[in-house]
Amino acid sequence: MKLPIVSEIIILVVLFIGLAFLFDVHGKGTTYTFIITHGIALIIALFLSKIIYTVIHK
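The opening position of the sequence shown corresponds to residue 1 in my numbering, with each subsequent residue numbered one higher.
Certain hints may be false.
With a cut-off of at most 20 Å between alpha-carbon atoms, the simulated SDA-like pairs for lysine to any residue come out as follows [stated by the list, open to error]: (1) Lys58 x Phe16; (2) Lys50 x Ile17; (3) Lys58 x Ile17; (4) Lys58 x Leu46.
Hint data in this document are derived by calculation from the structure and do not stem from the laboratory.
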């Protein structure tokens with residue numbers, strides 16, 4: 001039963017990278033804003049990956 005966990009991690013990573021790029025101010029922000037935006041991106045990616053995972057594996 002390790003495959004579902006792997007696919008969930010893949011979904012999470014893809015979403016996180018996508019959202020991080022979306023929130024990133026193209027390198028104009030400081031380290032502080034970088035941490036905040038990527039923190040927000042990670043939280044949203046966690047929620048979305050759970051939703052997508054449950055929809056796929058119904």
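Starting from the hint list further up, note which numbers the structure goes against and sort them upward.
Per hint list: 1 and 3 violated.
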